[in-house]
Amino acid sequence: MDSHTTELLILVLSSAAATYVWRGLGVLFSGRIRTDSELFQWVACVAYAMVAGLIMRIIVMPTGMLATSMLADRLIACALALLGFYISRKNLFVGVITGVAVVVAAGYVRGI
Amino acid sequence: MFLTHSPDGTACLAGVRDAAGVPAAVLAAGMIGFGAFALEYGFNVWLALLCTAGIWALPGQIVLLEMVSNGAPGYLSVIAVMLTGARFLPMTMSLMPVIRHPRHSQPVVYLTAHLISMTSWAWAMQRCAGMPQERRLPYFMGFAAACWAVSIAATAVGYFLAGWFPAPLRLGFVFLTPVYFLVILIGDVRTVLAAWALTCGAVAGPLFHLLSPQWSVLLAGLVGGTLAFYIQRLHGQSHH
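Protein sequences, first through last, are from chains X and V. Under the numbering used here, the letters of the first sequence match residues 1 to 112, in that order. Under the numbering used here, the letters of the second sequence match residues 1001 to 1240, in that order.
FYI, nobody ran anything at the bench for these hints, they're computed from the structure. All of these numbers come straight from a predicted model, not from anything done at the bench. Not one of these hints is a red herring.
Label-pair distances were calculated between CB atoms; the ranges are:
#, chain 1, residue 1, chain 2, residue 2, range
1, V, Leu1169, X, Gly31, 46 to 56 angstroms
2, V, Pro1097, X, Glu38, 14 to 24 angstroms
3, X, Lys90, V, Gly1071, 36 to 46 angstroms
4, V, Ala1053, X, Asp36, 29 to 39 angstroms
5, X, Ser3, V, Pro1107, 29 to 39 angstroms
6, V, Ala1122, X, Thr68, 33 to 43 angstroms
7, X, Ala79, V, Phe1165, 19 to 29 angstroms
8, X, Ala101, V, Gly1187, 14 to 24 angstroms
9, X, Asp36, V, Ala1025, 26 to 36 angstroms
10, X, His4, V, Thr1010, 40 to 50 angstroms
11, V, Leu1211, X, Met1, 31 to 41 angstroms
Just some of the chain X residues that point at chain V, by a computed CB distance under 7 angstroms:
#, residue
12, Ser15
13, Val27
14, Gly31
15, Met65
Note that beta-carbon positions come from the ideal geometry of N, C-alpha and C, so glycine has one too.
Make a model of the complete structure from these sequences and hints.
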């Protein structure tokens, strides 16, 4: 294994352990402390904002493969995905498949 | 066979059966996207599978890929992944009293905790209430372990399929993850606070990326999330 792979392996294992800390502490604390405190609310906000920021960044300023598609196509795909989701009465599959289909179709039309 | 004749085995199999349907299909869609993403970001397939099996939380997995590819220092990546997983603390704390029974040993309970995900948590909180207490943990284990196994397999499927398809289809695979999260996050907003956090984060993410790609994920979360928290507090106070 080369050093880059070893480094990645350590990162993945550390990330797994870091995620498990919450689950383990959850067992330890269950039934002992309240979960509706302001600290919990703030942590939830940070987690939500972090994921929302990341997803928005990937859609607006992608790197790699996605960067070969047009921004307008990706935004239209997102809008139609949400539209599909709501008119199918919140069917996750309809939404996701709509979005993916739009990007794939746009890719063929633009000859990627 | 012990699986079909013991009460625990029966409960466990009932969990597996309930998972094999919409829950597994939704998870598979997300994890196929993750597999394609991992290929795109240059991870080898074993690392991708280890991400799914070990982190077992799609947002954390995507954050890790993203930060590694931006060249962020390792400790920052682990801190960011850890922050995305913070929701597991209140989730586990609320689930454990529901599914636990005094006869289960500590190692079994801590092992079960690893299998908790958004999908299995939401399912169990709904379904387990109507079951005898001693059946709940084996049922949950069956359900959650089936979700976990399907997700690992789906990660491999996404990883290999994405490499074989022509460019426009590959584009679709890589787009699966962002569009999946977009729909889940917006479609699942239940509180005003969550809506503010999503909005502030969505604005902060691209802005901080322009300033510093390595720090952007973490900073956007801290600044956007804190801003949302205070907006909600001010807003709430003005009504009293």
